[in-house]
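Asker: Listed below, chain by chain, are the residues.
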Amino acid sequence: MSEKIKSVLTDLMSAIQAGKIYTTSHPRYKDFIEKAYSSLQNILKTQKELAIGILDEEIASENEIFFDLSQKLKPLILYLQERNIQRITFYSGLRHNELSQFISFLLTPPSELPADTSGALIRWGIRNIKTGKIKAPSSSPKEMKSPENLSQYYENSLYFISRYAQSILKGENIDYMDLKFNTLNFIENFVGQYHQLLNLERKSENEIFDHMLNVCILTMHISSRSGSEREDVLELGIAALFHDIGKMSLPAEDLPNQSKVTRNKSQIQKNHPVLGAKVLLNYKESLGVLPAVVAFEHHLRYDLKESSHLSFPYPPHAVSQIVSLCNTYDHQASPRSPRHFNPPDQIYRFMSKEKGEQFHPQLIQNFFQIIGVWPLGTLVSLSDGRTAVVRGINEEDIFSPKVEVISSPEGKKFIDLSQTKDIRVERALNPRGEGKKYTHLL
Amino acid sequence: MKEKLIQDFLQNLNLSLKNASIYHHQHPAFKNSVQELKNTLEHLLEQVHPLKIGFTPRALLIENQYWDQDNLHLRLARFFHRRKIKNIQFHKEITPEELMFFISNLSLSPQNIIQKGGLRNIIPSDQLTHIRFEDLDYSQLLKGEGKEVKDIWSYLLKEAVEKEDAQKIGEVTQSFQKAAKELNSEDLLNNSELHQNLSKLFHHLNHNQKETFRKCGKELVKAAVRNKDISPDANLDNLKSLISDLNPEDLAATLKEEILDDPEFDSFSFTLFSKLSDKEKHHHIASSLKDMFLKSNSLQSHPQAQEKIKQTLSRSSSPVISEIYRDTLLNLIEGTSGGQELSLNLSFLSRNYRYLLLNLFDNEKERDEQISFLERISEEMEEITKEKDLQYLKSLIDSLNQKGKELLSDPVLLNINNYVSNLIEDLVLDGESLPDLDYFLGFLKESRVGMDAYLEKIFSQNNMNPSLLRLFFKLFPGYISTFKERIRDKSEDYSFLSQMAQSLGELDFSVSLELLKFIFHLGDHSVKIKTLRAMKELSTYDENFLLYNLKKGSFGLKKEALKNLKRSEITKHKAVETLFSIPSPLGFHNKELIENIEIAQASGLKESRTYLVSFTQKKFFWNKKLRKQALQALYNLNE
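Line by line, the protein sequences are chains L and B. For what it's worth, our numbering labels the leading residue of the first sequence as 26, then goes sequentially. For what it's worth, our numbering labels the leading residue of the second sequence as 280, then goes sequentially.
There could be a bad hint or two in this list.
To be verified - Listing some non-contacts, in silico: residues in chain L with all C-beta distances to chain B over 10 Å:
(1) 32
(2) 56
(3) 99
(4) 132
(5) 192
(6) 359
(7) 365
(8) 367
(9) 368
(10) 424
(11) 434
(12) 449
Said to hold, decoys possible - Derived DMTMM-like pairs: lysine to aspartate or glutamate, alpha-carbon spacing no greater than 20 Å straight-line:
(13) 507/B with 816/B
(14) 99/L with 213/L
(15) 295/L with 643/B
(16) 560/B with 516/B
(17) 330/L with 570/B
(18) 309/L with 661/B
(19) 838/B with 886/B
(20) 330/L with 557/B
(21) 195/L with 648/B
(22) 378/L with 570/B
(23) 31/L with 59/L
(24) 853/B with 821/B
(25) 303/L with 658/B
(26) 309/L with 659/B
(27) 535/B with 382/L
(28) 303/L with 641/B
(29) 97/L with 256/L
(30) 303/L with 645/B
(31) 519/B with 461/B
(32) 479/B with 430/B
(33) 283/B with 342/B
(34) 380/L with 528/B
(35) 303/L with 648/B
(36) 70/L with 28/L
(37) 753/B with 715/B
(38) 667/B with 717/B
(39) 303/L with 647/B
(40) 309/L with 648/B
If you're looking for bench data, these hints aren't it; they were derived computationally from the structure. Idealized CB from N, CA, C, for every residue including glycine.
Taking the hints into account, I'd like the entire structure generated from these sequences.
Answerer: The structure is reproduced here in structure tokens:
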């Protein structure tokens with residue numbers, strides 16, 4: 026099926042390009058339309074509809090994003106973006122002349138097109154093709170750099186996550202393409218900015234969604250930096266996103282009184298891997314088995330100790346182990362209150378103790394090689410008294426990052442601490458506490 | 280001249296030793312030979328005094344000269360060396376009684392002498408005036424090689440623990456590794472005296488020399504794991520109790536060393552190791568093993584070890600190895616290949632998925648939910664059977680058995696049953712030998728392929744794998760007569776009959792004996808021999824059948840029948856009676872008796888001594904050969 030859809034996309038693009046060269050009455054143009062129509066019919070004779078989506082620079086259909094075609098289909102993607110079209114749905118019953126009209130529609134200069142493309146298509150007599158938008162907010166990475174935009178986009182993302190989670194808990198259908206595109210967006214906009222996200226103002230009712238999103242971002246960052254294919258990074262991200270969905274299994278409004286909340290809360294904490302796995306198994310067809318496996322395994326130890334609750338103990342999957350690492354890190358690093366601050370070196374020491382026990386030794390080593398003991402964006406006090414912010418990680422020496430000194434009277438200065446034996450990081454500064462006076466310099 | 284005297288002396292010494300092994304010390308034959316020896320010795324002592332004879336494994340040292348020219352010299356050298364005698368000195372005025380006493384004790388079996396700690400412990404120095412001798416130093420003997428080291432060491436061990444002698448304990452522990460390598464399966468599993476002594480030794484070491492205890496315990500584990508003669512079904516309780524105080528870290532270290540250092544380490548070794556420790560310790564051992572490999576990074580530099588592990592743990596070759604060890608080691612290997620690139624590794628993912636389902640199913644109390652999980656598991660059955668994941672299937676069956684009978688009639692379970700049954704049947708028909716077949720046999724109710732497919736495999740393709748036969752008899756119990764008919768059809772094919780006999784012997788199923796007797800009657804002499812050999816492996820036997828063959832059969836059949844009958848004291852004695860209570864007036868049946876003596880001798884049937892002694896005393900010339908044969912047999916049985 027994937028190959029058939031690729032054919033449709035390439036033939037559509039060829040038809041548009043042909044339309045730019047030839048007139049609509051030219052036989053060559055008609056040939057291209059015929060080819061595109063034939064490709065579409067090949068699919069529509071067996072299914073009711075075919076949906077194609079575009080977000081940023083990627084094109085997708087059904088359960089697949091065609092990363093490998095992004096470059097080749099760039100003209101098509103640009104064409105559609107210029108016309109504010111993010112989604113096209115073809116329905117069975119599509120007639121030849123409808124497709125021909127649609128291509129002509131697309132060949133119209135954007136300035137001449139109405140804002141409401143869906144309505145316009147109906148007026149053109151095209152009933153078996155619909156256009157629309159993907160529901161994800163799309164912003165360019167440049168716009169994300171400012172804290173205000175980052176905060177806004179983060180809030181928007183939390184909203185989507187809560188919607189997905191509630192849908193899953195209610196057993197409703199979820200728009201998988203939508204979910205994938207949003208997760209892709211997380212890669213584009215948040216990966217590498219985890220520690221900036223930690224400094225954002227949080228709302229307590231969003232705590233669980235904060236955590237789910239943070240773990241998702243961390244997981245995708247680690248896997249991406251470890252050399253995983255983009256498709257795999259996306260799969261891991263989605264699995265990580267729902268790892269704690271079991272904690273949401275009993276909504277607060279279903280609990281009549283506080284004592285039951287407290288009692289059930291500890292039970293959910295204990296049972297949430299099982300609850301989460303059970304819920305996610307119902308989405309095996311759309312999400313695959315990985316989310317259920319990760320939900321079930323993310324608290325299993327590498328050394329299999331404390332697995333007595335499992336009748337048949339077995340080693341957790343590598344993905345579960347990565348999520349487990351990210352889960353623990355986020356729990357340690359996320360501020361529970363405005364004044365709460367867990368220094369990164371303390372987190373490193375805490376987690377390193379579990380090397381080979383709770384955590385896979387190779388994975389935890391990789392994790393800190395990528396994140397660093399002093400992660401990107403950490404405000405630090407140097408041994409020479411100056412204050413700096415971490416701007417780069419040295420994988421060979423995770424204790425000696427590249428820093429930008431921000432408190433020096435000589436102005437900002439970059440130092441690679443792995444090259445200087447005299448200066449080292451002494452401690453991290455709480456950006457909400459003693460480090461607050463420096464945040465405007467970041 | 281002197282050489283001739285020495286040679287005469289040696290000949291007489293040889294004869295005296297021979298007679299001492301046959302006759303009582305009061306017997307005239309023995310007395311006469313000792314007197315003859317004394318006379319020769321006296322003549323020799325006039326020329327050489329004292330007469331000192333040293334012994335090496337293959338020569339005598341007399342008068343600074345090695346005597347190894349003929350068989351007599353070799354025989355005597357071997358005789359004394361096996362009894363751990365370094366040298367003997369004879370002085371003048373030796374009395375016949377002294378010589379008789381010395382020779383009588385010398386004629387004890389080597390094992391007897393070694394177990395008593397040497398001839399010096401049997402003949403204290405004050406009991407001999409004109410004869411001196413020196414034992415070989417036992418601790419020096421431990422530097423040697425071979426099975427004798429084991430005997431010597433066992434004696435030393437016994438002495439060491441009885442006397443709680445620190446020096447002897449030290450000698451024993453220093454040579455523990457060498458001695459442990461010589462221990463056979465019988466020693467490791469059933470030698471109660473050795474176990475008792477080892478238990479005392481370990482108890483002492485555990486309380487006084489912890490490090491030595493750990494070292495010796497580990498050597499014992501290695502000795503067991505390397506022993507390929509230990510049957511997979513053997514009872515290891517005795518051995519387990521000896522090493523029960525070893526901690527999981529030590530066991531893990533032992534396993535690591537075996538994986539890296541023993542080229543013969545295989546799935547059998549691994550299975551044995553798994554069985555030697557309690558299941559509760561497996562987690563801890565696996566975890567320690569992982570740590571050790573990771574800290575030392577030794578797997579990374581041992582690609583051969585990695586390959587060995589992969590082969591050892593491949594599912595079809597080792598379905599019985601604990602999943603904990605399997606996953607630990609496979610994860611380690613996976614980890615050695617970089618770890619930088621994280622792939623989803625879908626084959627592992629499907630495995631994790633099915634274990635997730637299994638655990639959810641096992642924990643579930645609600646029937647509807649149980650069925651739901653079973654349905655999901657059922658969807659994975661194709662993959663499971665393709666991967667031949669027998670360990671998973673065992674776990675699933677365990678879980679199903681716990682759930683009770685409510686689920687039995689559900690269609691989803693019938694579907695799972697079908698997959699399991701088909702997989703087991705396919706594996707067996709393809710020639711795979713499944714050590715855990717018995718476990719799955721209970722699950723198999725009927726054959727998918729039918730009896731003819733089995734008969735085709737067995738009788739046309741000559742596939743007589745014991746698992747295949749076992750499955751056939753389980754699934755088609757009422758068709759033994761059909762089976763026999765097919766055997767009869769191949770009665771001209773003696774090679775087939777021999778092979779069938781061997782497989783039935785390995786099978787030890789309820790019908791094995793019946794079928795073996797059937798084959799016995801069909802086959803030629805060679806097949807009959809092989810059938811009797813196969814019967815020896817069975818837990819049941821037909822005493823009358825065996826005694827009949829012992830009485831009426833050919834030499835070869837008698838020999839094999841006797842081996843079967845040696846399995847119990849009662850049948851041993853019946854065998855002796857059958858062989859030797861044959862009246863032979865005027866020597867009419869002497870030929871048969873002589874043949875039977877040879878058989879008894881070849882089988883090491885010491886219970887026949889009484890008869891043999893009586894044969895040596897038979898008078899008349901027609902019994903000369905009988906006497907000679909009996910004498911020879913007695914001599915050999917004493918050696």
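Asker: Under the criterion that the straight-line Cα-Cα distance not exceed 20 Å, is the pair residue 560/B, residue 516/B satisfied?
Answerer: holds (16 Å)
Asker: Taking only the CA atoms, is the gap from residue 535/B to residue 382/L under or equal to 20 Å?
Answerer: This hinted pair holds, its Cα atoms lying about 19 Å apart.
Asker: Need the status of pair residue 330/L, residue 570/B: alpha-carbon distance at most 20 Å?
Answerer: holds (13 Å)
Asker: Does residue 365/L clear chain B by more than 10 Å, comparing its Cβ with all Cβ atoms of that chain?
Answerer: Holds, since 31 Å exceeds 10 Å.
Asker: Does the structure keep residue 309/L and residue 661/B at a Cα separation of 20 Å or less?
Answerer: holds (18 Å)
Asker: Within 20 Å, alpha carbon to alpha carbon, are residue 303/L and residue 645/B?
Answerer: holds (13 Å)
Asker: Are all C-beta atoms of chain B more than 10 Å from that of residue 359/L?
Answerer: holds (24 Å)
Asker: Checking one constraint from the list: CA of residue 99/L to CA of residue 213/L, max 20 Å. Satisfied?
Answerer: Roughly 18 Å separates the two Cα atoms, so the pair holds.
Asker: Going straight from one Cα to the other, do residue 309/L and residue 648/B come out at no more than 20 Å?
Answerer: Holds - the C-alpha atoms of residue 648/B and residue 309/L are around 16 Å apart, at most 20 Å.
Asker: For residue 303/L and residue 648/B, compute the direct alpha-carbon distance and say whether it is at most 20 Å.
Answerer: holds (10 Å)
Asker: Assess, step by step, whether the Cα of residue 195/L is no farther than 20 Å from the Cα of residue 648/B, and give holds or violated.
Answerer: With Cα atoms ~18 Å apart, residue 195/L and residue 648/B stay inside 20 Å; holds.
Asker: Check whether the Cα positions of residue 838/B and residue 886/B lie no farther apart than 20 Å.
Answerer: holds (15 Å)
The structure is consistent with each of the numbered hints, conforming to all of them.
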